[in-house]
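So the chains spell out like this:
Protein chains: 6
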Amino acid sequence: MTQFTHLDASGAARMVDVSEKEPTARTAVASGVLRTTAEVVGLLGSDTLPKGDALATARIAGIMAAKRTWELVPLCHPIALSSVKVDLVLGDAEVRITATVRTTDRTGVEMEALTAVSVAGLTLHDMVKAVDPAASLDAVRVERKEGGKTGLWERK
Amino acid sequence: MTQFTHLDASGAARMVDVSEKEPTARTAVASGVLRTTAEVVGLLGSDTLPKGDALATARIAGIMAAKRTWELVPLCHPIALSSVKVDLVLGDAEVRITATVRTTDRTGVEMEALTAVSVAGLTLHDMVKAVDPAASLDAVRVERKEGGKTGLWERK
Amino acid sequence: MTQFTHLDASGAARMVDVSEKEPTARTAVASGVLRTTAEVVGLLGSDTLPKGDALATARIAGIMAAKRTWELVPLCHPIALSSVKVDLVLGDAEVRITATVRTTDRTGVEMEALTAVSVAGLTLHDMVKAVDPAASLDAVRVERKEGGKTGLWERK
Amino acid sequence: MTQFTHLDASGAARMVDVSEKEPTARTAVASGVLRTTAEVVGLLGSDTLPKGDALATARIAGIMAAKRTWELVPLCHPIALSSVKVDLVLGDAEVRITATVRTTDRTGVEMEALTAVSVAGLTLHDMVKAVDPAASLDAVRVERKEGGKTGLWERK
Amino acid sequence: MTQFTHLDASGAARMVDVSEKEPTARTAVASGVLRTTAEVVGLLGSDTLPKGDALATARIAGIMAAKRTWELVPLCHPIALSSVKVDLVLGDAEVRITATVRTTDRTGVEMEALTAVSVAGLTLHDMVKAVDPAASLDAVRVERKEGGKTGLWERK
Amino acid sequence: MTQFTHLDASGAARMVDVSEKEPTARTAVASGVLRTTAEVVGLLGSDTLPKGDALATARIAGIMAAKRTWELVPLCHPIALSSVKVDLVLGDAEVRITATVRTTDRTGVEMEALTAVSVAGLTLHDMVKAVDPAASLDAVRVERKEGGKTGLWERK
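Chains as they are written, first to last, in the numbering used here: chain A, 2 to 157; chain B, 2 to 157; chain C, 2 to 157; chain D, 2 to 157; chain E, 2 to 157; chain F, 2 to 157.
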């Protein structure tokens, strides 16, 4: 029967044992999109030139949050991240967020990539909320992960 | 001209000055939805009975994250939260997340409510990822906020 | 019927609403005891003279942990502490720990005092573990609390 | 002469050098007991069925705290934990707490297991304090540790 | 006799009691300077145009660290900051850092301003260390503080 | 052309990829000096005998901060530190601070050593500020680093 690995037979939460796994190179890419208004996108910059620190703030917040994933998500393992990259692309009325995270460890980094996207998105929410309180963070999801026993997974 | 309050005239990021504001009672409600599969929802519980600690873990992660919003979102003020509540409702192939946060302070708590929703959503992502790697966190947004100078705002 | 205030009617965890409470001066005193060996107590110091930084390390760890109680205990409110004091008294084969915490806020500080005692005790455990792996932290409990609607409570 | 490894020859606190040690598999088990009342145990659940999120909250708080041991205990090394499990067993008028922690690293994890027990205990204290302010956390101690140069140690 | 307020009569560290103080508006300004090379300053930008996120990263790191001062400096009180501003000015072979912090609380914010300067400086150190390993952070000090019982203090 | 490794070709901040690097033994030594008054140095102790916990508090704060460098400096990697030592030497009107940090990891630890020095210095600032508000933290810089591809670097 299928069951969540984060719960034991009685249903109690636990941090699953990865001590038998080998440390291997692993990569995860996650994405999301902050839907807002054309006016807000104009305030953030043109597609080639940011206006002020708004995008940098979101980028840095995403990177810093990736490192703290295990403090936020109760059953995540502490992982030594090898790299974190957060890309922000301005659209017509949205900002597309992509995070790429790498490690050489015993467990995957898709949660770290998802956390980077979410906190970059929250930081954009914070930046724009006085102008667009109706903004929405959408489609926070894994695009691709690689490495470890399960190998490559890509969103279709 | 419209401008982000989080940036000064030169575009530099700053934590805006709220010292002139009065502490008043403020409430914010945010929501989001984790889209997954019917199988996953079945593993999480029926609509009246959770199976094990999965939902409790997400609820607690959301509450704890709300308190740490100012550590995650660079330009947020530290705020003394008076209450945090995270509700999870199982649908057919999704989990609906709602967070309600209250304070008596100089600034609003919509970022705290959005953070609670996001981290509860990330925790559900983590719980279900082995069964459904394609899950997506959608529509993380403010539903309602109340209190302070701007008064009531409700999503239409 | 008696019920935990930290759970709602359905049993879900929540951070209870204290927004209707008045900020008042509150004090809590908690205590505990690390039971170890006479040899370890000799290494820690005589009752008037500590040897090196061992006791200072425990004292400081307790003070710092009191400030982070709300990060550790999921349903605790963030509280602005006005003072924290951790006293360590060497006995024959034990160290007695007492923490006193004060605030002017909407909720009591007994959890902060208990956390200071526990983390000071853990730090002593860490200091002595190579010499006495069998040490035990006992009787971590509230001695007295004062202020707020419930007024004075003292251990009998 | 016996001396604490956490202090140098002059008595100054330091984080001891483990760089010469080999990373090996290590396990530690710690335990403790929250002494309270039969009424409180009844509110927490029967021995087979918890009532609401109370026990889950303590379990998750203990797991999360284990990961942050090095932030709380000043001279502990940051360790990559492989697994954490917190078990709570209801007795007549007490809750028995056991934590099991594993790692593959250069130093043992008994402090992580003790921290998990302490913070799970603090969280139970917080849950029950309105009903039983006199509750006491007792006998927080190592039961067993394994791995590394010193090998197996078990409480007699 | 003069004595540190952070130590009690026996010399033990404590967090001093501020519960009798009134919350009042307080401001502190601190400064520091990262001495590096003309080449590094050229890489950071001209005096009117930063190149990339380097300065934004330092600014944001300083702001975020100000909020966490009480986690870093053991005897500091947790304080609700009303605003934080970090200014970076490029010189010939140095970067001048100024931080301004405001609060309405029971104790001053000079430690928060000094922490913002230090961590902004550390972040610049990190940015430039591959090009200039010999960089030095100098003259981290209070320039001015205002508010509270002691009133205005200005560096002469 | 010379460029900061922390910025990509477009100038965006990133955490650089160290996954191709081998974990090797690395050491870094950093130093700094708190310039204050002869009176303050007298309150801190003689050169052989500290008075109370003041120096211990700074030493412990420095050690604890070294472990949290990656939380403070946005683009630093999380590193498993093998040892941290903070030495404080009293001069005539100054305190000399030296931190030595070791790891076996993929990247150097000079930022960890610099952070230990800075936070020990901030803690001394905090301790003395009521007596000497004009104190200044100077010359926070790397003295020596060793290990990794670049090998030994020493300040001339």
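Calculated directly from the structure, the hints in this document are not laboratory data.
Built from N, CA and C at the ideal position, the CB exists for glycine as well.
Heads up, some of the hints might be wrong.
[As the list claims (entries may be wrong)] The following label-pair restraints were derived from C-beta to C-beta distances:
no.	chain 1	residue 1	chain 2	residue 2	range
1	F	Arg145	E	Ala94	15 to 25 Å
2	D	Gln4	C	Ala135	11 to 21 Å
3	D	Ser20	E	Ala94	54 to 64 Å
Going back to the hint list, which numbers does this structure go against?
3
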